[in-house]
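Visitor: Protein chains in written order, with my numbering: chain A, 38 to 392; chain B, 42 to 336; chain C, 2 to 193.
Be a bit skeptical, because a hint or two may be false.
[As the list claims (entries may be wrong)] Residues from chain B shown here face chain C by an in silico Cβ test under 8 Å; the list is partial:
1) Val126
2) Gln152
3) Arg160
4) Asp272
5) Lys320
[Claimed, not checked] In the DSS-like style, the derived pairs of lysine-lysine whose C-alpha atoms are separated by at most 27 Å in a straight line are:
6) Lys192/C to Lys147/C
7) Lys251/A to Lys107/B
8) Lys106/A to Lys172/C
9) Lys147/C to Lys191/C
10) Lys111/C to Lys320/B
11) Lys247/A to Lys228/B
12) Lys153/A to Lys334/B
13) Lys228/B to Lys260/A
14) Lys108/B to Lys147/C
15) Lys320/B to Lys172/C
16) Lys245/A to Lys242/B
17) Lys228/B to Lys245/A
18) Lys180/C to Lys106/A
19) Lys107/B to Lys153/A
20) Lys147/C to Lys334/B
21) Lys153/A to Lys172/C
22) Lys115/C to Lys192/C
23) Lys187/C to Lys147/C
24) Lys146/C to Lys320/B
25) Lys247/A to Lys242/B
26) Lys107/B to Lys223/B
27) Lys260/A to Lys242/B
28) Lys146/C to Lys334/B
Just so you know, the hints here were simulated from the structure itself, not pulled from any lab data.
As the structure is a prediction and not an experimental result, all values here were calculated from the model.
Beta carbons are placed, not taken as given, at the ideal position from N, Cα and C, and that holds for glycine.
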Amino acid sequence: MKSLFRILVLSALIFTITACKQNNDSFFGHQTEYADNGENIKTDGTTETLAMVAPPFVPEPTGDRRAKKLIVNLETIEQIGELADGTEYNFWTFNGTVPGSFIRARVGDEIVLNLKNNENSNFPHNIDLHAVNGPGGGAEATFVAPGKEASFTFKALNPGLYVYHCATAPVGMHIANGMYGLILIEPEGGLPKVDKEFYIMQGDFYTKGKYGEKGLQDFDIDKAIDENPDYVVFNGNTGSLLGENELKVKTGETVRLFFGNGGPNLTSSIHLIGEIFDNVYVEGGTSINHNVQTSSIPAGGAAILEFKADVPGDYVLVDHAIFRAFHKGALGKIKVIGEDNPAVFKENEPIKTAS
Amino acid sequence: MSRLKQLLKIKKLKQFFPNMKPLVIITVLLFTLTSCYNRYNNVSVTEPVKSSVHELVHIPSSKEMKKIEGGSYLGFIGKDSGRIVTVDSFLIDDSPVTVSEYLEFLKKNPQWTKSHINRLYADNDYLHNWEGDFEIPKNVDPNSPVTNISWFAARAYARSVGKRLPTIDEWEYVGLADEQTKDASSKPEFTEFILNSYQNKKTYENPIKADKPNYYGVYDMYGMVWEWTSDFNSVMITGESRNDSATNETLFCSGAAVTTSDLKNYAAFIRFAMRGSLKADYTVNNLGFRCAKDI
Amino acid sequence: MKKAFLLLTAIFTMLSCKHEEKPKEVDLSNSIFQLDSTWEDQNGQKIKLAELNGKILVIAMIYTECKTACPMLTNEMRNIERSIGNYDPAQVRLVLVSIDPKTDTPEKMKAYLKLNNFEGEQWLFLRSDDESTREFANVLSVKYKKISPMDFSHSNIITVFSKYGELAYQKAGLSNDIKDVAEEVKEQIKKS
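Hey, can you work out the whole structure from these sequences and the hints?
Guide: Right, dumping it as structure tokens:
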């Protein structure tokens, strides 16, 4: 009897421990209460500096690590870069890329955001992260003149995929020149594991010259106000996901796209030709839609798009407002390599007509 | 053996000091009091280096000044977007203060040199690329505008040549002019010209007066450096620009007045944002100044 | 047991306080007492900032005609003074500095202090000329602008200076949470 009692007590203990662990696991549901979960999560006392990675790649998943203090270092850099083949543009960037480096943290993390404005910048900058609960999303605290730096700390209360961008006046110009990026706050336990993850941000660019005109192009403020862009591109360049830059995936792999829209003006109708999105984390939040062909990503918004690469071949990522894809550059490629999968897709023999 | 010795020692002490306990307590107390006493009373104060603007040695200046006839214009920042700004006639330098002109100032006023400047008056990047207190960097044109100087330093220079810094209103008034007219603010190509001039990098390395002057004969208002003004800290732009058009009322009192009157005037937006991001002790690579004078 | 314990404490105290505290070097090149400006107080007396040397300062920049945020700022100054607790009024100065020196004459300044029951030598209201006021504001990183004949737009900042005139702490905005400011002042008093 005694041993049976002991076994019962032990099993009860085990049950309680495992149940508590799974408490905040569900990114997908049961979160009807307001997200003050993040506020109550204690950090484990360790500090880590986030290793920055250039797009289209992202830092390692947070997995099931505990919440900690995370140091994120960003530098605003104004530099000339390639917008299209033979066309250059004066980009304003976070960390030298458009979009800026992907920030990855988990709910409950204490994030220290250090913003430095490169001394060779002409203009002051700052940052507003949509993941921040606080004034201006950090914009007031990080207003920096060229050569100066500022810092603020915020606690990640809500899981989700959020946009960050410069909010210095005139804000339209700062965003139009490429000052945006994404910050992912993973839920407790991390997002479900996938084989490949990529980071893509769409942006509309307004130049004095027409699409394809060579040389250094200036920002055209009238076209920006009229919402009439010359370029609509992924990751700041018509060729960022083409040629040797196309995303490579193997058949059978699950793929996750962290897709954001920096705007400044246009909404994206994102579609992967030849594929269906198995999961779409709608608006980067907690609701998941399934079996989606085209997702609508507003300016200043984001979504997580997941699919499984079933059949080898070239898959074209487009903004399905189709003239943008073929005449303004909103086009990228995902190459799936591997064994054919005739059960899912097979070209048929031409039908012989009786002669 | 040692233990015995210790015990014997204590026993001996006991003989001399029968009341051990209170003695121990008193000694402990005395030690705590005396050794930890001098925490802040041992402060040695280093003599502050005197660098007051009032003790300036005056120097002559050969810089040409242009007369600007007083007038009114629609200000960029104003209550109900209709603030009329009026400026009295004044004189303004025809170009930014150069590196060589600033060197002359330093020679007569060494308290403003890199190694002697008061930390209250400039941050650590003051003249950061100068080789020494009186050494212009080799790759810098002596006729290029002096930069990496703080507002306090610019003010001191202005005083030393018997002048002052222009106000924002005065600077913006002169900035309205293009080559042909006093007020080109309604010409979209002028706004475009200004915006484009802001894009070029390291324009502070260029010599002054290389481009054409404006209507008044004043050079380099655009395309060279941002310029200090006497009241740059009257710009309430917080950096939270979405908020600035309906100002943050806890950060700024009476903030409702600080709206922008012409949203399309992006060039002015940029200038005012730059002013709003500055503090008086800041030294920035592309921030210089020119002087003004009352008539 | 007891004796051993006492002996141990004695040894510990001796060890911990043994190394002599190196005299702390205070670099005064950051001190606001170097500013050469001349100020006028509520009694019409002319003073230089250097005369406040040795006193801990809590400073807010306001103007008497202000109807919006200044009353709140003044209230925060009042709460800070109350929260400091017992202190020697000769050691601390709570200073209001006018950003409208033309309007804020000594009479107006005195009346303002009286209206707010700011009595005692620790309360000070100062004004100077426009130039010196602008310079002083810049040292505190306070922004202000005249927006109409009677009104100023200005940032709401309370600053604490050590008795050597070094900037010790700043609070921006009107949150009425003056706890940290009061704590800083108490710290400064302790150090004296």
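Visitor: For every hint, state whether the structure bears it out.
Guide: Cross-check of the supplied hints:
1. Val126: Nearest chain C Cβ about 12 Å off; hint violated.
2. Gln152: violated (11 Å)
3. Arg160: holds (4 Å)
4. Asp272: At about 6 Å, which falls below the 8 Å cut-off, the nearest Cβ of chain C leaves the hint on Asp272/B intact, so it holds.
5. Lys320: holds (5 Å)
6. Lys192/C to Lys147/C: violated (39 Å)
7. Lys251/A to Lys107/B: violated (42 Å)
8. Lys106/A to Lys172/C: holds (25 Å)
9. Lys147/C to Lys191/C: This hinted pair is violated, its Cα atoms lying about 39 Å apart.
10. Lys111/C to Lys320/B: violated (32 Å)
11. Lys247/A to Lys228/B: holds (23 Å)
12. Lys153/A to Lys334/B: Roughly 37 Å separates the two Cα atoms, so the pair is violated.
13. Lys228/B to Lys260/A: Within the cut-off at roughly 17 Å; holds.
14. Lys108/B to Lys147/C: holds (26 Å)
15. Lys320/B to Lys172/C: Holds, because 16 Å separates the two Cα atoms, which is no more than 27 Å.
16. Lys245/A to Lys242/B: holds (19 Å)
17. Lys228/B to Lys245/A: Holds - the C-alpha atoms of Lys245/A and Lys228/B are around 17 Å apart, at most 27 Å.
18. Lys180/C to Lys106/A: holds (26 Å)
19. Lys107/B to Lys153/A: violated (39 Å)
20. Lys147/C to Lys334/B: OK: Lys147/C and Lys334/B at ~21 Å, within 27 Å.
21. Lys153/A to Lys172/C: holds (23 Å)
22. Lys115/C to Lys192/C: violated (31 Å)
23. Lys187/C to Lys147/C: violated (35 Å)
24. Lys146/C to Lys320/B: Judged against 27 Å, a Cα distance of about 15 Å means the pair holds.
25. Lys247/A to Lys242/B: holds (24 Å)
26. Lys107/B to Lys223/B: The given pair, whose Cα atoms are some 14 Å apart, holds under the 27 Å limit.
27. Lys260/A to Lys242/B: Status holds; Cα separation ~24 Å.
28. Lys146/C to Lys334/B: Cα-Cα ~21 Å, so holds.
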